[in-house]
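Undergrad: Below, each chain spelled out in residue letters.
Protein chains: 6
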Amino acid sequence: MKLNKHVETILGCDKKYDEADIVVFGAPFDSTTSFRPGARFAPGKMRTESPYAMESYSPYLDLDLEDDASVFDGGDLKVSFGDTQKTLGIIKDYTKNILDDGKVPLMLGGEHLVTLGAVQAMAEKYPDLNIVHFDAHADLRNEFFGTKYSHATVLRRCHDLVGDGRIFQFGIRSGDKEEMNWARDHVTMYKFDFDALEETLIGLEGKPIYFTVDLDVLDPSIFPGTGTPEAGGVDFNDLRLAMQVVSYLNVVGADMVELSPSCDLGGISTSVALKLLREFLLSLSRARRERC
Amino acid sequence: MKLNKHVETILGCDKKYDEADIVVFGAPFDSTTSFRPGARFAPGKMRTESPYAMESYSPYLDLDLEDDASVFDGGDLKVSFGDTQKTLGIIKDYTKNILDDGKVPLMLGGEHLVTLGAVQAMAEKYPDLNIVHFDAHADLRNEFFGTKYSHATVLRRCHDLVGDGRIFQFGIRSGDKEEMNWARDHVTMYKFDFDALEETLIGLEGKPIYFTVDLDVLDPSIFPGTGTPEAGGVDFNDLRLAMQVVSYLNVVGADMVELSPSCDLGGISTSVALKLLREFLLSLSRARRERC
Amino acid sequence: MKLNKHVETILGCDKKYDEADIVVFGAPFDSTTSFRPGARFAPGKMRTESPYAMESYSPYLDLDLEDDASVFDGGDLKVSFGDTQKTLGIIKDYTKNILDDGKVPLMLGGEHLVTLGAVQAMAEKYPDLNIVHFDAHADLRNEFFGTKYSHATVLRRCHDLVGDGRIFQFGIRSGDKEEMNWARDHVTMYKFDFDALEETLIGLEGKPIYFTVDLDVLDPSIFPGTGTPEAGGVDFNDLRLAMQVVSYLNVVGADMVELSPSCDLGGISTSVALKLLREFLLSLSRARRERC
Amino acid sequence: MKLNKHVETILGCDKKYDEADIVVFGAPFDSTTSFRPGARFAPGKMRTESPYAMESYSPYLDLDLEDDASVFDGGDLKVSFGDTQKTLGIIKDYTKNILDDGKVPLMLGGEHLVTLGAVQAMAEKYPDLNIVHFDAHADLRNEFFGTKYSHATVLRRCHDLVGDGRIFQFGIRSGDKEEMNWARDHVTMYKFDFDALEETLIGLEGKPIYFTVDLDVLDPSIFPGTGTPEAGGVDFNDLRLAMQVVSYLNVVGADMVELSPSCDLGGISTSVALKLLREFLLSLSRARRERC
Amino acid sequence: MKLNKHVETILGCDKKYDEADIVVFGAPFDSTTSFRPGARFAPGKMRTESPYAMESYSPYLDLDLEDDASVFDGGDLKVSFGDTQKTLGIIKDYTKNILDDGKVPLMLGGEHLVTLGAVQAMAEKYPDLNIVHFDAHADLRNEFFGTKYSHATVLRRCHDLVGDGRIFQFGIRSGDKEEMNWARDHVTMYKFDFDALEETLIGLEGKPIYFTVDLDVLDPSIFPGTGTPEAGGVDFNDLRLAMQVVSYLNVVGADMVELSPSCDLGGISTSVALKLLREFLLSLSRARRERC
Amino acid sequence: MKLNKHVETILGCDKKYDEADIVVFGAPFDSTTSFRPGARFAPGKMRTESPYAMESYSPYLDLDLEDDASVFDGGDLKVSFGDTQKTLGIIKDYTKNILDDGKVPLMLGGEHLVTLGAVQAMAEKYPDLNIVHFDAHADLRNEFFGTKYSHATVLRRCHDLVGDGRIFQFGIRSGDKEEMNWARDHVTMYKFDFDALEETLIGLEGKPIYFTVDLDVLDPSIFPGTGTPEAGGVDFNDLRLAMQVVSYLNVVGADMVELSPSCDLGGISTSVALKLLREFLLSLSRARRERC
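Protein chains in written order, with this note's numbering: chain V, 1 to 292; chain X, 1 to 292; chain C, 1 to 292; chain L, 1 to 292; chain Z, 1 to 292; chain R, 1 to 292.
Next comes chain V alone, as it looks inside the complex (with noise of 0.2 Å):
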């Protein structure tokens, strides 16, 4: 009897590529992280505990993985360590395959910066791209630590691609004072929690959408696992909730990033990250299907 190899996914997104719609992939990249690194170990924990640290079942949507969604997943792109530019390429090409082929990429980071690798093909495919934005930190430096390409500058050097008005953020409690001020002229931001999201969506509707989703958004009490946590952050099912409401829009590509396993020593955050993921992964599915 012929024995076979061990192929893993994150559990419940093993589909056939050629019939999936969501294409979910790693982008084990944080060599810009400034304070405590180990978001690269994100996606291969993910898939590594999904199996033990989730059911493919809903409660809160009463909705199957198995059945209710079609997921491929991709494993992890193998990014150059020290070589920004390099990365990003690697993203983007990647995306862009997922993109010509009629699919949605969900790109499980990795540090926030692996998001403009996406985003650059998002936009060269959508010029008219809007970006929705979760995260406890504006993100809208300039320059970091001497660099243009960073963690803390990811959402502005995605502004360079986008333009004004583009660009909705979230949840934001941390910043410079210099780049809040920007914020005033280019970006939409709501700070601390998500009271003004289905109101300001509404404008949103039918326009394509960039998702992207720092984890860190939430409470560190509920998301110790990540590498700058901030105090005084939403709770799980506010994340929830408002991920559901944006999984309404035209969602044309998503991301969630920022879980640093290095920093999640008992391991809770890690299970977090997998329950979003399941539940955007089914709103997403059920309002595509709604759509047609």
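Simulated from the structure, these hints should not be mistaken for laboratory data. Ideal Cβ placement from N, Cα and C applies to all residues, glycine included. Don't take every hint at face value.
[To be verified] Partner residues aside, some chain L positions facing chain Z, computed with beta carbon under 7 Å: (1) Arg173; (2) Ser174; (3) Pro220; (4) Ser221; (5) Pro224; (6) Pro229; (7) Ala231; (8) Gly232.
Chains X, C, L, Z and R: place on chain V using the hints.
TA: Only chains X, C, L, Z and R this time, still in chain V's reference frame:
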């Protein structure tokens, strides 16, 4: 001057056996745990830490374990790692002994399967036994990882003993689709919270109740020290008050399970478990006094 | 080109001594800690992590430590491990020096007993000193583990200096029966939360206030990094706002104690402490400006 | 461009099944572990870390897993936590399948009891099987914690299958008095080191050998990541060379057990295990080539 | 059937007080520790782990604690954290009680200062007391961090009691220049190893010996669990054999100090300490029997 | 009394810049680390722990950093995370400044790539520079993870600067086949140990030497705190003595790299690094004095 050996009990649980109303004991078994083991260390850790991690006095109830309860701590059972049936038998026998002496057993797990050993003894003594179950997980599968005796099947096995309509579940937020469907016809399940608790319990007044608390019903932020943390749980005061509500029923046996010190790196979960134990012992004792 | 030595201060606390209004310093002592020691490492850890774990700008107050406060960081005192009286003397002398220069001392513990050294200096200078005390524990025992000088007796010793009716406690949720009884006649204690804070403080306007914050008043979910975590505490925004309220009083000295980096495995508690420090320094500075 | 799923094997163990001489697989079971569990995570952790924690090239042997060995990695078996007999059956069946295909099974534990499942298959195929056993513990008890099937009884159960004079133990430095006495009459035991290894093995030339390596034979300084560390063990080069000596025998099956990643906080034990595996795979392959 | 409370002793140290030759007890004090505290948890941890982390049988000596020694474990003293003199008094009184009953005290620290309490009692009873001292650190300062009573001054304080030429140090590899100079005139110090041990001890035959073992004499690779690890130490077998050599002297009291479970994340140091304790108890008992 | 800010230097490295012979500084960069990052925290951690984890006096050399060496500690460079070239430029400029002032730079990594920045400055000043390299890894690849600038290529890049026959490697025990083959023609490599050290160094007398010590040359048992631990390394005294041998050459610059506090959970590796630094600073200073 003759010196004495070191007797170790949970703080305030040092009454003589003959005088005690309630008997605390540990069932340090976790062989069926599928993800992160370590619950075996819970009762020992609670015993060791109790003099430092809690006071015997409750500022919530203005009662004191030294004066207002009469609890004996029997130490830990000698379970058989890897031999599930033998271990269940040991638990059943010990529980039966306590029941025969007219006392209330309060077992500290260990993983959730230990509940079955206690319920085997309880159901023999109380044919009309009802079970109140707080948990993040339904634990209603018929089989798990190839065995019918598992932490994930334990309430299903209890159902084999007590039958339809006798199990009342609260706080459930994880399960597979099949067990959720099965639950509709056989048990009473309330998802996510305790909103329906008081109303539900009215119907249970006077009936013999076994009360099993899987501590992972708590949110992982307040209780990270458990093998399978589930985001979106209740908080400390929610659970403290819900346990107080149950204490007014005719509780003839109880357990607290699934604290895993191996997952509780900072030690906060052990102290949470100890305080919930103190509060429950005090409110149960008060309720029993008031009934007399 | 001559190179410079490394001067380390808490971020934004780098004004010259002569120009500073507020003097931050560390009292890295934890010899009387009865459970998990490690608070000795707190001020050093806060200093090292501050450039990474916080911004100098507050999005809550729209103020910046660089521009809107004038704080000197004096480093850590050389305390004497195991010699409580000598250590208290060192703290008292250093505090007195700051007071003599017309500045506000803000001490970073260390365990809670260090408060006594500061209060000894404060009470000499301000005979009508009142103490506002945030804590999970009453700290009012007369003796603990055989000594009258302990983290668990510190407010009792402060009472020896300031007398009845001068101590106002908030957030208390742990103590033994005796100290709770004693409290009724000698101090003003509000349990569990800050609901009564604003009303209570009205009576303290204009009086010299020493403000001591035991960070374990926070819930262990948001602040696991402390030696004796107590479930059921306040959250970050509760405490941040309550400290802001106190900053409007005539605060002539303050401390933040009981961060224990040894218990803060993931590092989130250090960042919580830093942010509370920033917010308090900014609101205290603003309040002092407004009074002038 | 069609994307591919992620196949995960131990580095250099990615040959096709049909072409492979040696089949590595994981038996992630640790239900009978009496002290610190966690060995279940070993084969998965080894697989995940192998691309980073080791090279395929050995500077000791000047051989490379890519070129000089032909190894297939079958992933992990789906064991049944808490059901020892079912798990042993799964291991036996999988081992038998490999033997039937004329390949050498190399099992990665898991706890030491998994050896019994493999030996059950081996002893059926090779009635004259001999066992070479490296371990800190004798593992010769007849019963342990009330069960006859335990990590502490596993070699006794193997003796039930192969009989007197067929088990050769090295490195033993822990046991109870009874098993040590029993050993004198039934097995060949060398305590503490490998001094007698080469001389002893001369008598085993040509005979079919099952080789079981409990990694706790290593000193805890170099191998802390195991559930029951025993001071006074051999060092890395001792074990590496001793395993090389055994590889020249007619090894028809082998295992490496008792790595526990849960106890290997810094990760050094996983890398030690991987390097020993590489060295053994290479020297075994070379020995097999040389015999042909 | 009446149930029993849980008596906890170190494995094999459960003889009745009246029958015991040797009395083990814990002195869980570490208030003067200047770097990483945690030694206070050592005796409790040793007690809890002993049934799992060691056997009562020694394969080195072919002796068993159950049969070949008679040891009583008195549990832990109630020390006074932060009050050094009170704590030393408690230790002295307890030690004196044991001496008065004709038994040998074997104290488990705690930090090294606890030795002073025991030596105070010993020196009163045995005016010609000699001290054999194994340690990485000289511990001969006259003052440390402003106090004369510290882990770093303890042997100097013992010298105050026993005088010149009575202290014999082995394994020393750290100290400041001043104490090293002082040592030349007042004690016998051998650096780095035990090479001079046997020769030196010949001169001590028959004299009453207090034997103090600071476990940090071990290399940090085998004993990381200590507050001030010093590279370049002896290994397990070196220390085991050296302690055996000392056991042949007239040892009238002994201690093992400076295990710090807080620094022993993987738990190997606790097991090393337990095995050294077992070996020393057995060889000391054998030597005493042989002398009779 | 005016208070002073906190100046933090490594213990005993607090001489004035103008008077110092040797300049220690930190290069806290680890962006190209492919496995476990964290080396960025090394120099800061060494500075913070040095007053507690080491003495200024060496019992090996009977010399004291306070009296027998003249070392300035310049703190940490502000490196650019994720921008390798910018970081190398910062290191080169700082090193050049030290060389221009006639002092010896001693850089503390960070990952091994930082060596390249220093060697760029050294090779410009000393065209006949030779490099002595202690390491577990050859670090001679031409490319790694898609970049030519990596910790795994650093000695190859140094070879680009100094050419054939100028690099002398010791302790190497890991590499891929290709780099091992390349090494034969271009560098002098001794595997596993320092046996050939003294003989080899005879030929280097008088020549300008850059000495780079990757601390993972140590066995992981004594030095677990590094990103890529390799079993089978040298022990503390081996390395201490080998570094002493090199100190007698004309060492014009040096570094110690790859301590990763994130991997050094118990802290023993930081103390090992500090002691090796002390020993090397003292023996280098003595050798320089003796040459004058």
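Undergrad: Next step is simple, just say for each hint if it's right about the structure.
TA: Here is how each hint holds up against the structure:
Given the 7 Å rule on beta carbons, the hint for arginine 173 of chain L holds: about 6 Å separates it from the nearest Cβ of chain Z. The interface hint given for serine 174 of chain L is met, as the beta carbon of that residue sits about 6 Å from the closest beta carbon of chain Z, less than 7 Å. Checking proline 220 of chain L against chain Z: minimum C-beta separation of about 4 Å stays under 7 Å; hint holds. This hint holds: serine 221 of chain L has a C-beta 4 Å from the nearest C-beta of chain Z, less than the 7 Å allowed.
Proximity of proline 224 of chain L to chain Z holds as hinted, the smallest CB-CB distance being about 4 Å (cut-off 7 Å). For proline 229 of chain L, the shortest C-beta to C-beta distance to chain Z is roughly 5 Å, which falls under 7 Å, so the interface hint holds. With a cut of 7 Å, the hint placing alanine 231 of chain L at the interface with chain Z holds, because the nearest CB-to-CB distance is about 4 Å. The beta carbon of glycine 232 of chain L is positioned within 7 Å of a beta carbon in chain Z (closest approach about 5 Å), and the interface hint is therefore held.
In the structure shown, no violation is registered for any of the earlier numbered hints.
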